[in-house]
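*Asks:* Sequence:
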Amino acid sequence: QKGMIPIMPLSGVDSKLFEEAKEIGLEKQIPKLEKLFMINSDEIPKSSSKDVDLAIKTKKSVTVMIGPNNVHDILDSLE
Numbered sequence: 004q005k006g007m008i009p010i011m012p013l014s015g016v017d018s019k020l021f022e023e024a025k026e027i028g029l030e031k032q033i034p035k036l037e038k039l040f041m042i043n044s045d046e047i048p049k050s051s052s053k054d055v056d057l058a059i060k061t062k063k064s065v066t067v068m069i070g071p072n073n074v075h076d077i078l079d080s081l082e
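Note that the numbering used here has the sequence shown beginning at 4, numbered continuously upward.
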């Protein structure tokens, strides 16, 4: 929807992210990563209760049975 931005889970994001970006050759992308991940909580838009209620009503769960061919079964089911 217009004006809506996804809120990414930020657990585990720390300064090591930037070190690893350098290691894999993403030096040019570090300013973009900093802009994306280094935000204040004040900058995150407040979700309206209507949006939250809709998300709760339309949430879906996926059950995965553990087995040796899970990846193949999942990919086959998408066809």
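I should point out that these hints are in silico values taken from the structure, not numbers from a laboratory.
Hints should not be assumed to be uniformly reliable.
Here are the simulated DSS-like cross-link-like pairs (lysine-lysine), alpha carbons at most 25 Å apart as the crow flies [stated by the list, open to error]:
(1) 53 x 35
(2) 25 x 38
(3) 49 x 38
(4) 49 x 31
(5) 49 x 60
(6) 25 x 35
(7) 19 x 31
(8) 49 x 19
(9) 53 x 38
(10) 63 x 49
(11) 19 x 35
Cβ pair distances, simulated, as ranges [claimed, not checked]:
(12) 35 x 58: 39 to 45 Å
(13) 26 x 57: 36 to 42 Å
(14) 51 x 25: 36 to 42 Å
(15) 81 x 57: 24 to 30 Å
C-beta: ideal position from N, C-alpha, C; glycine also.
*Asks:* Take a quick look at whether residue 49 and residue 31 sit within 25 Å of each other, Cα to Cα.
*Replies:* Distance of about 31 Å is beyond 25 Å: violated.
*Asks:* Under the criterion that the straight-line Cα-Cα distance not exceed 25 Å, is the pair residue 49, residue 38 satisfied?
*Replies:* Holds. Residue 49 to residue 38 sits at ~19 Å (cutoff 25 Å).
*Asks:* Check whether the Cα positions of residue 25 and residue 38 lie no farther apart than 25 Å.
*Replies:* holds, 16 Å
*Asks:* Taking only the CA atoms, is the gap from residue 53 to residue 38 under or equal to 25 Å?
*Replies:* violated, 29 Å
*Asks:* Keeping to a limit of 25 Å between CA atoms, is the pair of residue 63 and residue 49 held or broken?
*Replies:* holds, 23 Å
*Asks:* Has the given pair, residue 49 with residue 19, been kept, meaning a C-alpha gap of at most 25 Å?
*Replies:* With a Cα-Cα distance of about 29 Å, the restraint between residue 49 and residue 19 is violated, given a limit of 25 Å.
*Asks:* Given the hint that residue 19 pairs with residue 31, test it: the Cα-Cα distance must not exceed 25 Å.
*Replies:* Distance of about 16 Å is within 25 Å: holds.
*Asks:* Between residue 49 and residue 60, does the CA-CA distance stay at or below 25 Å?
*Replies:* Given pair residue 49, residue 60 holds - Cα atoms ~19 Å apart, limit 25 Å.
*Asks:* Take the C-alpha atoms of residue 53 and residue 35, compute the straight-line distance between them, and say whether it is at most 25 Å.
*Replies:* violated, 32 Å
*Asks:* Could you grab the alpha-carbon distance between residue 25 and residue 35 and see if it respects the 25 Å cut-off?
*Replies:* holds, 13 Å
*Asks:* If you check the beta carbons of residue 81 and residue 57, does the distance land in 24 to 30 Å?
*Replies:* holds, 26 Å
*Asks:* Cβ-Cβ distance between residue 35 and residue 58: within 39 to 45 Å?
*Replies:* violated, 28 Å
When held up to the earlier numbered hints, the structure conflicts with 1, 4, 8, 9 and 12 and fits the remainder.
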